[in-house]
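If you want the building blocks of each chain, they are given just below.
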Amino acid sequence: MTKQQANWSPYDNNGGSCVAIAGADYCVIAADTRMSTGYNILTRDYSKICKLADKCVMASSGFQADVKALQKHLAARHLIYQHQHNKQMSCPAMAQLLSNTLYYKRFFPYYSFNVLGGLDNEGKGCVFTYDAVGSFEKVGYSSQGSGSTLIMPFLDNQLKSPSPLLLPAQDAVTPLAEAEAVDLVKTVFASASERDIYTGDKLEIIVINADGIRRDYMDLRKD
Amino acid sequence: MNFMASKQPENSLLGPEADSQRTLYPYVTGTSVVALKYKDGILMAADMGGSYGSTLRYKSVERMKPIGKHSLLGASGEISDFQEILRYLDELILYDNMWDDGNSLGPKEVHNYLTRVMYNRRNKFNPLWNSLVLGGVKNGQKYLGTVSMIGVNFEDNHVATGFGNHLARPILREEWHQNLSFEDGVRLLEKCMRVLLYRDRSAVNKLQIAKITEEGVTISQPYSLKTYWDFSAFANPAQGAVGSW
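Protein sequences, first through last, are from chains P and V.
Sequential numbering from 1 applies to the first sequence in UniProt numbering.
Sequential numbering from 1 applies to the second sequence in UniProt numbering.
Hints may contain errors.
[To be verified] Straight line, CA to CA, 25 angstroms or less: simulated BS3-like cross-link-like pairs of lysine-lysine:
id, chain 1, residue 1, chain 2, residue 2
1, P, Lys160, P, Lys186
2, V, Lys108, P, Lys105
3, V, Lys108, P, Lys72
4, P, Lys124, P, Lys186
5, V, Lys142, P, Lys202
6, P, Lys51, P, Lys72
[Stated by the list, open to error] Output of the computed footprint for chain V on chain P, the stretches with three or more beta carbons under 8 angstroms from beta carbons of chain V:
id, region
7, 3 to 16
8, 29 to 40
9, 43 to 53
For the record, the hints were derived by calculation from the structure and aren't laboratory data.
By construction, the Cβ of each residue, glycine as well, lies at the ideal position given by its N, Cα and C atoms.
My request is simple: use the sequences and hints to build the entire structure.
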């Protein structure tokens, strides 16, 4: 008798898309609020965005239980950091921590596709993009999740960053104004909802700037 | 002959012997649980069947239980794992009561605890084979959440497990609204349970409806739904398509 194979998977894809765009003095992070499994919608009102530090917000799509565990882990580590250093973690510091945390489970990964957005220590917008096992890169804009293949080319077209290989290094942040970036994000999600079945219902937009953090919502297609 | 003693302790989950200890598939299972928020709290329904594959082995299984003062837990999936979860929760509530500080675990806290338990078991490749529905009211705040065997969890105004997701949720999406009266809530739940009875092979016509409000938990006595089997679609399913079945 052959060894029994497990007939359940420890992973599931709960879908959804995330986007982040960095500006000169702001950062926009957005994600839809639909949670699905297979061809079913589980709920239309689930936030994929988590505030990790004062000026650092993460949006993650993929397997919701892993995303939740990852968010809790980072929040706990941030609390310890605050106790030890008497200050908030900067966005670049959190970026490295997220990468290390993901790689730690390299051989049983967090099925979580993340974008980290916030302001660095000088108040300039920064966006970091990740894969499920922790490879990351500082970029001017990024998208992850089920709609990323639809969204990313459009962002490339509208926001094309200079190559990171250029010398001297050129700024990746977009020259767009905050309102224009928010508008672009809304357009991008409306388009993605048309063709990606896992993206839709509602869009949650977070804007971080010198004044603090602001949250906005926009309705998307419910089909 | 094994001269070197095995380096693994007896209760380790590594190595081929451990495979027989990990959950492969469920044996005695309960089918859907459906729940919704209404004006005064949460209403939850589940039938009383415990299936052993295709056999209806147990017909009086209570798949909904009160937890502490403020919560109600409904479970579908493996019944023995549900009983194990009740043991965990019993201990949790006991230790909470032992503080004797006037504070008590609310539904949000219990749901969080359950999510962590389910996720951690999934991480060890030995899941508790259940889909759980946790509802409750504390300090006027209504809460209704669900968690699956791999730890996927969320809260919403109405939830369902298993077949309920396919058959009951669409009805609830169409007909649920804020501040349902108790009668309307029960009527809506019964509508969902009736559809499940017609279309879910593992459903049985003996169900309970549970209510949880600020005052506490009430689980109804078991009863049956009236069914109508003379719909022409049931009587002559191939009428519109001769040759089909």
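Comparing the hints with the structure gives:
no.	hint	result
1	P:Lys160 - P:Lys186	18 angstroms, holds
2	V:Lys108 - P:Lys105	28 angstroms, violated
3	V:Lys108 - P:Lys72	16 angstroms, holds
4	P:Lys124 - P:Lys186	22 angstroms, holds
5	V:Lys142 - P:Lys202	23 angstroms, holds
6	P:Lys51 - P:Lys72	11 angstroms, holds
7	3 to 16	holds (count 10)
8	29 to 40	holds (count 3)
9	43 to 53	holds (count 3)
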